[in-house]
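Chemist: Sequence:
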Amino acid sequence: MDSLNPDHPPLTVAPRPHVWKFWGTALWGLVIFGAMFVGQIGAIVYLVWARGGPIDLAAMQRIGHEPAALALSVIMGLPTTLAAVWLAIRLKGASFADYLALRWPSWKQFLLGALGLLLVVLIWETMSRAMGREATPGVMTDLLKSGRDKGAAVILLFAFSLAAPMSEEVLARGFLYRGWSESFLRVPGAIILSSLVWTVVHLQYDLYFLAEVFCIGLWFGYMRYRANSLWLTIMLHALNNLTAVVLTMWLGE
Numbered sequence: 001m002d003s004l005n006p007d008h009p010p011l012t013v014a015p016r017p018h019v020w021k022f023w024g025t026a027l028w029g030l031v032i033f034g035a036m037f038v039g040q041i042g043a044i045v046y047l048v049w050a051r052g053g054p055i056d057l058a059a060m061q062r063i064g065h066e067p068a069a070l071a072l073s074v075i076m077g078l079p080t081t082l083a084a085v086w087l088a089i090r091l092k093g094a095s096f097a098d099y100l101a102l103r104w105p106s107w108k109q110f111l112l113g114a115l116g117l118l119l120v121v122l123i124w125e126t127m128s129r130a131m132g133r134e135a136t137p138g139v140m141t142d143l144l145k146s147g148r149d150k151g152a153a154v155i156l157l158f159a160f161s162l163a164a165p166m167s168e169e170v171l172a173r174g175f176l177y178r179g180w181s182e183s184f185l186r187v188p189g190a191i192i193l194s195s196l197v198w199t200v201v202h203l204q205y206d207l208y209f210l211a212e213v214f215c216i217g218l219w220f221g222y223m224r225y226r227a228n229s230l231w232l233t234i235m236l237h238a239l240n241n242l243t244a245v246v247l248t249m250w251l252g253e
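Under this note's numbering, the first residue of the sequence shown carries the number 1, and numbering increases by one thereafter.
It should be emphasised that the hints constitute simulated quantities derived from the structure, not laboratory data.
This one's a predicted model, so the numbers in the text were calculated from it and none came from an experiment.
Think of the CB as a built atom: it goes at the ideal place given N, C-alpha and C, for glycine as much as any other residue.
Simulated DEER-style distance windows between Cβ atoms:
#1 Trp23 <-> Gly53: 40 to 46 angstroms
#2 Ile192 <-> Phe96: 21 to 27 angstroms
#3 Trp250 <-> Ala58: 32 to 38 angstroms
#4 Val187 <-> Trp231: 16 to 22 angstroms
#5 Phe96 <-> Asp149: 38 to 44 angstroms
#6 Val154 <-> Leu203: 24 to 30 angstroms
Just need the whole structure built from these sequences, with the hints factored in.
Modeler: Okay, here's the thing in structure tokens:
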């Protein structure tokens, strides 16, 4: 028998890692989103405390509207998000990198993702011009230009071009997509639902820009599936945000 022959050991198949399914992923998604919120609010609370003022809602709103403070808030949401995701994955006994598909994509995959992203953005840009709308949400335009004028350009660039893409992609195309794609939703449902969740994160925009965010999310979800790489969507997300930030702060009218 081959199983008793040392020259022909029996084949072993590595067990699939345990994955949170639909409800487990949804509930942990709420916990992760809450952790992101705690990290962001914690940064604002610290700034209020450091300035010696009363820690109340009015003070938090006032400081939270400052470009540098808002950027720090976005940045501090990243470590708390990663910690919550790590805990959820750890409880399943799975590898953090494998669970989130932290694999480097090929250049062809990155090129395809970037070209597709460019096409989606150009379509929405054309529609915006045809409708006489701004191509960038006014709230972001005001924030970025105010930050540039107040010397906060670098921290804003880091926050929105690196910290925000990592936090949001780890949650949406990382944790949520992984669990939901292995539930009854399968891949198409996971792409749609994770894109909806990602869109909800951007409720500061109006419905038009939310529709654009959703479409970009669908493309990111497809590339996450096609390349089986979260690093790819993180890079695409970072590229999209970096381009928007640079154009708005230095090249926009």
